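> Letter by letter, the chains look like this.
There are 2 protein chains.
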Amino acid sequence: MRGAILAIGNELVEGRVPNTTSFLAARRLFPLGYEIREILTVPDDLALIKESLRRFLGRYPFVIVSGGLGPTTDDLTNEAVAEALGLPLEVKEEVLKRIEAWEKEAGLPPNPLRRKMAKLPAGAVLLTNEKAMAGYYLKVGEKLIFCLPGVPQEFEYLLKERVIPILLEHFPPEEVVRFKLYKIFGLREADINLRLMELEELPGVVLGYYPVLPEIHLSLTVKHPSKEKAEELFRQAEAKIYSLFGEYIFGENDDLLEAVVGRLLEERGEMLAVAESCTGGLISSRITRVPGSSAYFERGVVTYSNRAKQEILGVPEEMIAKHGAVSEPVALAMAEGIRNLARTNYGLSVTGIAGPTGGTPEKPAGTVWIGFSCREATVAQCFLFPGDRHLVQDFSATTALDWLRRYLRYGTLVPRYQFARRS
Amino acid sequence: MRGAILAIGNELVEGRVPNTTSFLAARRLFPLGYEIREILTVPDDLALIKESLRRFLGRYPFVIVSGGLGPTTDDLTNEAVAEALGLPLEVKEEVLKRIEAWEKEAGLPPNPLRRKMAKLPAGAVLLTNEKAMAGYYLKVGEKLIFCLPGVPQEFEYLLKERVIPILLEHFPPEEVVRFKLYKIFGLREADINLRLMELEELPGVVLGYYPVLPEIHLSLTVKHPSKEKAEELFRQAEAKIYSLFGEYIFGENDDLLEAVVGRLLEERGEMLAVAESCTGGLISSRITRVPGSSAYFERGVVTYSNRAKQEILGVPEEMIAKHGAVSEPVALAMAEGIRNLARTNYGLSVTGIAGPTGGTPEKPAGTVWIGFSCREATVAQCFLFPGDRHLVQDFSATTALDWLRRYLRYGTLVPRYQFARRS
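Read top to bottom, the protein sequences are chains A and B.
Under numbering that gives the first Met the number 0, the first residue of the first sequence carries the number 0, and numbering increases by one thereafter.
Under numbering that gives the first Met the number 0, the first residue of the second sequence carries the number 0, and numbering increases by one thereafter.
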């Protein structure tokens, strides 16, 4: 079942605001059996919008349109849809009432432009009861056109709560689609390629390989008219993927590494503290983006200066003077220091050179020591991460979190990693 | 001067990987006078690629194509371009040599699929001398078609270093375009709208209004055949914008708030330390994403647990027991505590309820106290931020950083903010 997405807005084609909603929609629709074939972004131009709508409706059973539903003179979607389909515009009383109520509540004077939002193509069915949220759909013969607001939160809400159920009802999927994304970290790209070659002989499955640095994502798609057969092919392929990539798969689908680690800690009733230097708070921030992280995250310190390393973590001044802040002894002292200070089960430390400045021939930018402290031992590894400052920080944070994951999941004290270098 | 962008890749239309390159290109091209009218994303489908290419070349003077230049069976761009233009594919010796050299260096066996990358449409001009980077362009009559790799870093490099110079030479801009983006924070949307109404009477200027929560971005575009007139109109409009929004504009164009704050600190030779609870490291991380931040950022602490607040910052246990962690006394104690501990000029603190859990009727999710400590005084404000956990954290971090900005820039000890609430 194929469809297209039309995203409208000058801010999009001028690159002021990235078009995230179209790709999010495509992502949600694909595993359900709805294949988006074209995603077109156009400016607030009536002729271009009409032409694009006509072309899409001519060739696809459904079209999702985003943007252009607002009150400004640039908002042209209602007009364009009406003209493209040869429908009159009609004032929808309910929308008019909602606009008036919203204006009153916001303390704003009545604005005639806003009333434009109440003029919808004849036959439009509202998608929501929310006071300030636009959105409707139309049946055009056997086809469907959805018009959604461009604001990401509103678009996503309506897509999930209204568009998808309507699609599922109107166009029940003809094939069974089984889909999963496997998130991989720690393997060299060449190693992944070698292992992937063993997978490509499986019949009926389509694999996708997506570097999303520092991670690699592997997608598995199985389509079959028969549910049993689709499930069987899927199970076989998944088993093969796990046997090939095992410990390096940290999660599936929307899993975030920091949430996976959090769940593992929470299951064991254990706690973590982190001491960061060059990652500068990134690890703590990633952990605390996850709701409920206070169950397993006790504290973090960003000992950005050497003085902070000494004062907060007790790293001896002589140690830093002798070995440098980016060294094995300091990484060990920081990891053990934060674990003792916080009295947690685990401590992670990162000390390195994120770049672009600060590198030397002996310790170039990208040189990062990561320390891991648990009851069993305190250990550290040296890495040489590629890329610019942000990528080095991202790799460092991901490696540290993934190290803890592999210890919790597999008991590995010193896991092997891509980019590890001999000290 | 109008053009279009065609982004090719199953991973894009399936939403596996967001299409960032197209929008980045549009953003870079727009201020130079090159208006992207359509951004189309299609799958790895020969027929669809050819048809889209033909349509774009039929109506626009230039087209930028990304993706599909690799060695896999899904990579169809060269074939599609050749067929759409009726050109033969020819082996480019130089590309073949590069592939062989790259394989040798990477220790990979010769792969016949990779040699496909050396078969380009006749007349293709290579865009780079880089060994492992694909990319070429073609003149089609008076028109230009650029074929770039989909990998963001490679696409951006070639766009900036090769595509833009070629465009400027082949299609010198007919109008002078002056463009700037103003980044605003702290004003209510209704207030911004009121002020914007005063701007809309200026002739010859186009304004754009883009919520990029928690910030608001305002774009100013002036186009005129005469350079002097364009500059004059631009200056007038900019002066008006600054007079209307003044203290609430924290930066322009690509400025990041954390970098603006960093520059202000560095100019004064002053230093900052932060104590975070519900922002969980986000402030420290944003600061340290900026290269050179060690010049003004001494340390951060993420006192996620109450015990950490007590142990690291000396916040008395009785104070937390009496007022709660999310309170004015605690915010003040944290801000002053970290400033004293780190012996910095400034301390920032955040303690709040990011949600979704943890709220009460008295202190609902979104309730955040932010503290600011400097030599002059230590003060705190209470906020009620909207949205989900991430948005509350983003608003908190931005408010804290912006508070410091407004103190450094304007000497305001307690700046007024959107979402501030009476304690």
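Hints listed in this document are in silico derivations from the structure and should not be mistaken for laboratory results.
Treat the hints with care, since some could be wrong.
Chain copies aren't distinguished; within one or between two, either way the pair holds.
Stated by the list, open to error - Cut-off 25 Å, straight-line C-alpha distance, at most; resulting in silico cross-link-like pairs (DMTMM-like, lysine to aspartate or glutamate):
no. : residue 1 : residue 2
1   : K239      : E78
2   : K159      : E102
3   : K49       : E153
4   : K142      : E199
5   : K179      : E327
6   : K179      : E129
7   : K103      : E237
8   : K115      : E317
9   : K103      : D190
Since this is a predicted model, take the numbers as computed values, not measurements.
> Taking the hints in turn, state whether each one holds.
A quick look at each hint next to the structure:
When the C-alpha separation of K239 and E78 is checked against a cutoff of 25 Å, the pair qualifies neither within a copy, at 52 Å, nor between copies, at 34 Å. In this homomeric assembly, K159 and E102 never come within 25 Å of each other (Cα to Cα): the closest approach is 27 Å inside a single copy and 45 Å across copies. Proximity of K49 and E153 under a CA criterion of 25 Å is satisfied intra-copy only: 24 Å inside one chain copy versus 35 Å between copies. Proximity of K142 to E199 under the C-alpha cut-off of 25 Å is found in neither arrangement, the shortest distances being 37 Å within a copy and 41 Å between copies.
In the homo-oligomer, the alpha carbons of K179 and E327 never lie at most 25 Å apart, since the shortest distance is 39 Å inside one protomer and 47 Å across protomers. Taking the shortest alpha-carbon separations for K179 and E129, neither the intra-copy value of 33 Å nor the inter-copy value of 35 Å comes in at or below 25 Å. Taking CA atoms no more than 25 Å apart as the test, K103 paired with E237 passes in neither setting, with 56 Å inside one copy and 33 Å between copies. Within a single copy, K115 and E317 get their C-alpha atoms no closer than 72 Å, and across copies no closer than 58 Å, so neither meets the 25 Å cut-off.
With identical chains, the CA atoms of K103 and D190 are at most 25 Å apart between copies only, with a shortest distance of 16 Å across copies and 62 Å within one.
Hints 1, 2, 4, 5, 6, 7, 8 from the list above are not met by this structure, while the remaining hints are.
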